[in-house]
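Residue numbers (the numbering used here), protein chains in the order written: chain A, 1 to 340; chain B, 1 to 340; chain C, 1 to 340; chain D, 1 to 340.
There could be a bad hint or two in this list.
Same chains, same label: a pair holds when it works inside one copy or across any pair of copies.
Claimed, not checked - Below, computed lysine-lysine pairings styled on DSS-like, alpha-carbon distance capped at 30 Å:
(1) K4 x K143
(2) K332 x K116
(3) K48 x K143
(4) K7 x K121
None of these hints come from the bench; they were simulated from the model.
Protein chains: 4
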Amino acid sequence: MIIKLQKNISRTDRENIVHTLNRTGIECEGSEASLFIHLRENRSISLKAEIEKLPGVEAVIVADQSYYLVSREYQSENTLIRIDGVTIGGAEPIVIAGPCAVENQDQMLQTAEMVKSAGIKIMRGGAFKPRTSPYSFTGLEEKGLQLLSEVRQHTGLLIITEVLDTADVELVAQHSDILQIGSRNMQNYKLLKAVGRQLKPVMLKRGMSATLEEFLGSAEYIINEGNHQIILCERGIRTFVDYTRNTLDLNIVPVIKKISHLPIIVDPSHGTGRRDIIPAMSLAALAAGADGIMVEVHPDPPASWSDPEQALYPDQFFHMMENINHFIQWRKNASTASRS
Amino acid sequence: MIIKLQKNISRTDRENIVHTLNRTGIECEGSEASLFIHLRENRSISLKAEIEKLPGVEAVIVADQSYYLVSREYQSENTLIRIDGVTIGGAEPIVIAGPCAVENQDQMLQTAEMVKSAGIKIMRGGAFKPRTSPYSFTGLEEKGLQLLSEVRQHTGLLIITEVLDTADVELVAQHSDILQIGSRNMQNYKLLKAVGRQLKPVMLKRGMSATLEEFLGSAEYIINEGNHQIILCERGIRTFVDYTRNTLDLNIVPVIKKISHLPIIVDPSHGTGRRDIIPAMSLAALAAGADGIMVEVHPDPPASWSDPEQALYPDQFFHMMENINHFIQWRKNASTASRS
Amino acid sequence: MIIKLQKNISRTDRENIVHTLNRTGIECEGSEASLFIHLRENRSISLKAEIEKLPGVEAVIVADQSYYLVSREYQSENTLIRIDGVTIGGAEPIVIAGPCAVENQDQMLQTAEMVKSAGIKIMRGGAFKPRTSPYSFTGLEEKGLQLLSEVRQHTGLLIITEVLDTADVELVAQHSDILQIGSRNMQNYKLLKAVGRQLKPVMLKRGMSATLEEFLGSAEYIINEGNHQIILCERGIRTFVDYTRNTLDLNIVPVIKKISHLPIIVDPSHGTGRRDIIPAMSLAALAAGADGIMVEVHPDPPASWSDPEQALYPDQFFHMMENINHFIQWRKNASTASRS
Amino acid sequence: MIIKLQKNISRTDRENIVHTLNRTGIECEGSEASLFIHLRENRSISLKAEIEKLPGVEAVIVADQSYYLVSREYQSENTLIRIDGVTIGGAEPIVIAGPCAVENQDQMLQTAEMVKSAGIKIMRGGAFKPRTSPYSFTGLEEKGLQLLSEVRQHTGLLIITEVLDTADVELVAQHSDILQIGSRNMQNYKLLKAVGRQLKPVMLKRGMSATLEEFLGSAEYIINEGNHQIILCERGIRTFVDYTRNTLDLNIVPVIKKISHLPIIVDPSHGTGRRDIIPAMSLAALAAGADGIMVEVHPDPPASWSDPEQALYPDQFFHMMENINHFIQWRKNASTASRS
């Protein structure tokens, strides 16, 4: 159950609501920034009418789903995320590119040059890498973050990188412009709350077998702490199919666009695990209505320290970008034409 | 094991090969039209060298997968299917549209008019409908086929319709231009052989949980009987996802284009089961490289006798077609530009 | 919609119902033996009250699911299938064993001896084998059926074997005691109707991605033609898991026992594809409440013409049977004890 | 790559190995307690021969899978976990029971009494509850842990409860005898390492779509930190099936028993989500060879604060326990008989 407070609610009215609830034995929570207070399920539906009458209460919502603040029911217009002149969620889709993992300065600068020369504004690169085996390369960690900062300084590219633990949130936020929550942590709720309490935008990747309810429920954990700058990311789900590493589920793109105001981008690199089909699936993602794509590229893919089979070769990457830029231009014209 | 015969093999050489195999206790099969003879697995690998020496034998292939004739290994250039001036598998993608089921003359003529006015050349419509429940509407059967023939006569549209049983193959072939094998029958091998022995093109829909090996293995059953005019169709797979009826798996499109010379089209109507996302997923299918799409449209979707939630409304349909035609035009220009 | 007729309905009353429906423009079907007439969906719910008043009508059921006759709603007590003194669906679970495919007389007689000496009454063996590749061994066909008949004559074992095509139903029924519908044909509705119109019991295997609704809907196709002797068979579903060939889904056993009166058995050979875990999963199937199991055994598994990795070795088989017989004895005692 | 050190390796030899590696530019890690040092993948296979010659090195293992220490290759005999006279992984399977969530003292003491009177030694109960929605009841947290401690003191029952965050590991370990890592955190590697560094046994639940490789890889993260007391738990995977909340995959039980020395138990409550089939699936789990089961029971299931549909009613629970105890007794006799 969610209690929606009036926008200009006074501190007194707010405290009064909390005290009233407490008197009836109900504990309620709600972050500083939040306009919502939530109650324990199965306990207070009978109180609905009573609470609605309290001053400062706009509505009492008995949620039958796990999310509300991220839905178009709550906010009909698209959320636009603006970072240093780049807009995510607007008319023009964005491209994020970079290596799977930060390896060393050379690799990072070479890649950054490629990425920048293709007209891209945001670079990816993992410093903390969650890996199935404890014996795999798990990232350069803080040293990797410093390399990312250097890239940012030298090139002006914005940086997105993954954070794995509540203890590292502040550190990662210092070295990056967007914090990434990976698939394996989509339901690490303590981590979601932690990134919800800081100010940088967050990219939330869909879990391997996440339903829509679970995906948006996880975004709700972030927004409920006060951080509205959330980018969703489809990156493939687990199915019986074995010709792709995961099954990139583009169907979720138009579904999300309909029910949520948050931008959604697509990661065909993890989503398919095959560099030969990434260009085709990138174009398909944009055609399905995605607000952008995120792809892996490496100066020398076979030498990549992780996931070498899904990094694009430089020439493949440039060819793909040319095609994508054409398509974006076409889409812009088509949409202008259809509006006029 | 497959024995590839020389193209100009004499009847005597062919008979000699068969007799030689029979003498060693091996029975072999091979349709009249086929250039291939196959042997029982686990039995004859040791004979490979011996058979290769026989006159008329071009090669002996110990297949480690279920298909060969449908692969690019066997034929590198694309298969083009030409029917009355329409080409499937060529530079320009095709659109097939029509109702889920043939209901009556009015519905068919109204729909045909819409389809035709949108510039479409091929119309779909089910006369035999496989249904989960024996108590559901299972199609007008022969009467439905006659209505399809009427449409063809009045409008010049080509007709595609499903065949469910070996006993009906001839009848369905009389009333249609393309025979459809539905998902539920993708592994009905007797039916696949039957449509492989007649002359009309066949559209083979992917089974709900078919692997690539199984999908192409089923196409191989058809081609092995002599019919090379096969169109593959992706129509959604079964996963844990519940916001779409099935999970339309566009990833298979570029994968198939790489390993097979057969055209592949996409059916977003069954693939998603939601008319609100069909336009987006249709465009995505073409962007992924599909040779066409097949969609359901109905003059009055809520009154549709089957699958009412996935039929497009007329205005939705026309709007989508406009967008698709723009995209096809763009893709043609883009590909011309990149060639020049 | 189903019209349930009274058991002693007169021909006149029946015809009257049909005519009344026809006059209102509704065509209805119903096999000779059936007590049910069904109507097209989406058309006749408004007629419910009217039809209920006609003489001979016991009830009008607007089915919200695909099955009714196979449910406990229609028949509360278990269906018992009795063949020559063997009862399927009763207090004692049954075991069916035999090779994947009929290969030759020697193999069949050796296996039959093993099977019989383990106290088993029903033997399996495929004469028609559906295979992913057209180049695989697809069974000895009619010659295989004759070998099965010989086994039956020499040993007194009952025979179960698969039928693939409507055209072969009569032939297969002559040579066997139970007709098997394989997973790939679970939704081959013409075949289901055909086996529903003959008199021998039918074993219906679950499709690879069949829901409960689809599985029981397919059984309903058979029972609706008049054949009530149906054995359901769980044989593994398709999931992301790769340590087993399929994911044997034992959960369906207690679910089916609750909602259907039909017996259900489990095939851990196809369900897991691994002979090392078949004994454990066989016991688990019986513990879950299955009415029996069906396993593959071969005198020399590595030489098996199909699926060699899932056939039990003779000593494994005997050891497993000993364990199973102990368990069956224990279960019988436990259930006697709990009744007293 | 794993370097297996000799058991009695001197500090000097160990340091020498580390320095040698560092000189060649390779950083290596290894916890205090560990006998293993691991290297970054893709970099050092060429050094294998050289490293093998260093004093103190027993073997250099180039792992082609994500786990080694949890495998039978490393330790052939079963791991036995002994806590206060209870043994997990031994001849006799264990039962763990209790409510989904700790709600209040009354509920806990009532349930504890039931659990104890059924002869059970270990009680479950969640104080930290990960929930899809931020608006759901997420547990009493520290207050819940105190209630668990009270139960332990009053009844002598051992306690298992979930830990969600590295920051809470010490606190949860104080109030419980076994720490549970839930499905959503199976790949929260920081948390796995944290529980690997403390001394209490850990129960690791399988992730919703975890492969065998991923499941055992996660266990390897724990054991690699020095904690060998790990209990695996199958709790259902995500598939297309909708008649159960998840698909309880019992097949993994005999597979795990074969390749790993760790005990594995089964949670049919989360695995099926249906109390009506939990007794059948519990027995099936034990028949498949599980080392135990964990079930949810509540004095008044419909009033349960979370997952009310999967908690057993008291009488259901007692009846099930009677049946299970009979079965355990039978299995013990059967195994004694087969050994003699």
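Status of the hints after comparison with the structure:
no.: 1; hint: K4 x K143; result: between (44 Å within a copy, 28 Å between copies)
no.: 2; hint: K332 x K116; result: both (22 Å within a copy, 29 Å between copies)
no.: 3; hint: K48 x K143; result: between (52 Å within a copy, 27 Å between copies)
no.: 4; hint: K7 x K121; result: neither (36 Å within a copy, 53 Å between copies)
Comparing the model with each earlier hint shows a violation of hint 4 alone; every other hint is respected.
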